[in-house]
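Single-letter residue listing:
There are 2 protein chains.
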Amino acid sequence: SYYCSTEMAVVLCSQTLILFWAIICCALTGKPGNVLSPNIIILLMDDMGWGDLGVFGQPSKETPNLDAMAAQGMLFPNFYSANPLCSPSRAALLTGRLPVRNGFYTTNAHARNAYTPQEIVGGISKDEILLPQMLKKKGYASKIVGKWHLGHRPQYLPLEKGFDEWFGAPNCHFGPYNNSFRPNIPVYKNREMVGRFYEEFQIDRKTGESNLTQIYLEEAFDFILDQIEMQRPFFLYWAADATHAPVYASKPFLGKSQRGRYGDAVMELDDSIGRLLKALRFLNIENNTFVFFTSDNGAALSSGPHESGSNGPFLCGKETTFEGGMREPAIAWWPGHIKEGTVSFQLANVMDLFTTSLALAGVSPPNDTTLDGLNLTPVLLNQDPGALQNRPIFYYRGNELMAVRLGQYKAHYWTWSNSWKQFKTGINFCPGQEVPGVTTHEQKEHTMQPIIFHLGRDPGEKFPIRLEYQDALSRISPVVEQHKKTLTPSVPQLNMCDVAVMVRFSLHQYIYPFLSKHNFK
Amino acid sequence: SYYCSTEMAVVLCSQTLILFWAIICCALTGKPGNVLSPNIIILLMDDMGWGDLGVFGQPSKETPNLDAMAAQGMLFPNFYSANPLCSPSRAALLTGRLPVRNGFYTTNAHARNAYTPQEIVGGISKDEILLPQMLKKKGYASKIVGKWHLGHRPQYLPLEKGFDEWFGAPNCHFGPYNNSFRPNIPVYKNREMVGRFYEEFQIDRKTGESNLTQIYLEEAFDFILDQIEMQRPFFLYWAADATHAPVYASKPFLGKSQRGRYGDAVMELDDSIGRLLKALRFLNIENNTFVFFTSDNGAALSSGPHESGSNGPFLCGKETTFEGGMREPAIAWWPGHIKEGTVSFQLANVMDLFTTSLALAGVSPPNDTTLDGLNLTPVLLNQDPGALQNRPIFYYRGNELMAVRLGQYKAHYWTWSNSWKQFKTGINFCPGQEVPGVTTHEQKEHTMQPIIFHLGRDPGEKFPIRLEYQDALSRISPVVEQHKKTLTPSVPQLNMCDVAVMVRFSLHQYIYPFLSKHNFK
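Those sequence lines, one after another, are chains Z and E. So for the first sequence, my numbering puts the first residue at 1; every next one is plus one. So for the second sequence, my numbering puts the first residue at 1001; every next one is plus one.
Think of the hints as simulated: they come from the structure by calculation, not from any bench. Values in this document were obtained by computation on a predicted structure and should not be read as measured data. Check before you lean on any hint, since a few could be wrong.
Claimed, not checked - Heads up, simulated PhoX-like pairs for lysine-lysine below, C-alpha to C-alpha not over 20 Å straight-line: (1) Z:K421 to Z:K444; (2) E:K1126 to E:K1136; (3) E:K1126 to E:K1137; (4) Z:K126 to Z:K136; (5) E:K1061 to Z:K61; (6) Z:K61 to E:K1444; (7) E:K1278 to Z:K339; (8) Z:K137 to Z:K126; (9) E:K1424 to E:K1444.
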């Protein structure tokens, strides 16, 4: 089989790889890479929460490799997603633009999150320029490993949007679907479908076993080694999905965590990232490879304790614009360039990774589009740590600006967890948490008098401020006004209720993958 | 003045001290201490929460010295208080016995916490043997710096219970009381009252300024240097109270934290402990000094965001038997003996510090009393890390066993936050948190069918387990039965409603301090 499918095979493959690296490494000794265009690796976790890492306070302390990555790099306790849901967050990362600007949102109802389920025909607009497209200008080779989530029709797939390689799936690994009406999600190798989840790519729903993370790691190594051989700078977008429900881990990790299956998945990702960073050092490219670790949105608390992570001290989780929905674990690593053991309190977000990557690569940003991402290099390289200190963070659901953070103050213009209707079916975005008038099941408008929290004193958003209210508001209001005045929303691509965006998925799910290639191993 | 009362004086004093150390240090070079009876330092914080340290996930990451202490020592993420309130917790630490055994509890009403306010005449029973009394057998000199809280009548004070020196107060630093009916809390130097809070020992309620932590640090240094000179092993019990409301910090720290005044207090304590550890190294006694850092109970969430800390991902706070009430930050430090950068998942508690200290000192435990504390040295010194793996943790309010933890399972036999009556006055032990049927305002009995949580998957106690319920219960039940069968409660010392225990405090508060000495500087 093409992939190492058993535990033993994984070990053997790793040994072979190490041997191979040793040869490559020797061949490269004395050829330091070009620091002007460093390799860029973005490690994007799926539904992992801020509180899932030891360094961010997870009591189980089971992420020694990520904790070591932080000790060797820069930790960002104030790092944000661009949206509390997967698809828009990922679209924002790759475009450097808020979902309301790049089209990855819906206007079907007020303040609704939207993503790309199997049933949707929408996808990333052809007008949007993605990071790998920009990096091509400097000769970067780009690969995405894992979840895409920017549309599953052929014209939306990664290789149409600047990536040179892809291993992974267009959608979440929900399933198994064992009826003919709803097929399992396809897994691609570049433009070819090479199988489907639960079929060629097993995920055992009973035991939680799957070796997908190991495959993702191998795919990363293959790509890196190829680029070293070709002497090309590379961009690796490693979007592993083991921590998204249904969570999974490979056999050596199952049952190892104090936290159950979710923790097993975290341990395997931690171990994989540890091996990746070790490989970069072994290959002697660590001084020429910028690595950034983060997650796409907050822990999916509504998935329950067996399938979801921790948002630490923050309020609520995925789908909400409270801190638990959008505050992300984040670590930057670049030995020799980023000072080890540092903490940056800079407010930053996934869109900054677009702009920062361009700056690192030496590519000018596109001048005909508005970017929301900022260039973090003055902070990362400690050239001008205060350069971006007044930048705000915007929290959206759909096209509604729910909240804004400026400094330590966060103003909520709308508050909402989820609808009564949904809540009564047992779906709870804030289990065990309740802030009266804030975590409500109706959408509460506060636009005339936003609720303001001080996130330094009160990271859990439990105590609205009173004393310094007017002062805080007077600083936030002009920022919001300016943002709204200059914002031009684009056409929403995820309007689930539009016939044009939705089709009967049974047909499309079967047909699209086969349009590219019918046979797979 | 006896104390450095201004910022500049503090600096000058420190410089003088450093010079003094340098002399002492030279004098001691080549005289390694006796490892069989190492010095013991217990740093006990007041109302500091598990989530207040960077290493435990505080987003502000403002405890670099404590984080470094953890990196140089052993971190305990599963460390507990013996009670969710100050007095009983402190009594348990110093006796190695649960409050229900050592008498520091009340039976006035069901499941009530009790402590020693100014109004009480009760105190630690004369039958209880305290740690410094035991350590005397090996020639240890003992000092308490800071809050005592085991009774304020003359017969209960520290020097009657084995301590050789004391600087601090018998009660909390509430105040100022500016009427003749209720005097301010006295501050003692050994047996003499040397002033009162808000009078000779200023705490500015408006600005939060007080140099008490600096004084406490100096008192610690004075004692350590004296014992080095005398070549005596020492026990220092450093019970600083800056993080107890009203929180305070000295001028150089005021306004420095992202977290407001509470964070300022944490920063000053962190800085002080950093200086203390540095001094131990400088004095060349770090290999002969066991240092343990922890707190007396969970963060006092009911004090509001300006005056309370963080319990990280845990449920509720001080006064409750949820994790937020009793899980404590904990770090052991002993260079050359405790392996650096280790994490122990051992369930442990403050009472273990009694038994562990005896073991370190080479003193046999008293054989006529039941101890609840275990000897942690097999874990600390990595001799037998699994030796204590099945030990339970008991959570009491008054004489009611509210909950038990065994492994990852925690069974609640009674659940309660606080009364409706108290709640309606605005006192909330679980602000922003609500677990239906658990964080209730009536005492809920579950003795026939305890609510069980898996703290690995669900540290926040939000999702009662169902699947493995019977299995977990069958393991916990015999432990609880055994505990109850062998438990002999002692006479409660804190029955506030008994005339014998309470007196009109106005009289006693004035008279007691003067019984020892009338004049003070």
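Query raised in the report: Does the structure keep E:K1061 and Z:K61 at a Cα separation of 20 Å or less?
Result: 17 Å, holds
Query raised in the report: Is E:K1126 within 20 Å of E:K1136, Cα to Cα?
Result: 17 Å, holds
Query raised in the report: Within a Cα-Cα threshold of 20 Å, do E:K1278 and Z:K339 meet the stated pairing?
Result: 24 Å, violated
Query raised in the report: Within a Cα-Cα threshold of 20 Å, do E:K1126 and E:K1137 meet the stated pairing?
Result: At roughly 19 Å apart (the allowed maximum being 20 Å), E:K1137 and E:K1126 satisfy the hint.
Query - Restraint status (C-alpha distance of Z:K61 to E:K1444 at most 20 Å) - result: Distance ~33 Å between Z:K61 and E:K1444 Cα, so the pair is violated.
Requested in this report: Given the hint that Z:K126 pairs with Z:K136, test it: the Cα-Cα distance must not exceed 20 Å.
Outcome: The given pair, whose Cα atoms are some 17 Å apart, holds under the 20 Å limit.
**Report entry** Straight-line alpha-carbon gap E:K1424 to E:K1444, limit 20 Å
**Finding:** Since the Cα atoms of E:K1424 and E:K1444 sit roughly 19 Å apart, the hinted pair holds (cutoff 20 Å).
Query raised in the report: When you check the alpha-carbon spacing of Z:K421 and Z:K444, does it fall within 20 Å?
Result: 16 Å, holds
Requested in this report: Please work out if Z:K137 and Z:K126 have their alpha carbons no farther apart than 20 Å.
Outcome: Holds - the C-alpha atoms of Z:K126 and Z:K137 are around 19 Å apart, at most 20 Å.
In the structure shown, a violation is registered for the earlier hints numbered 6 and 7, in ascending order.
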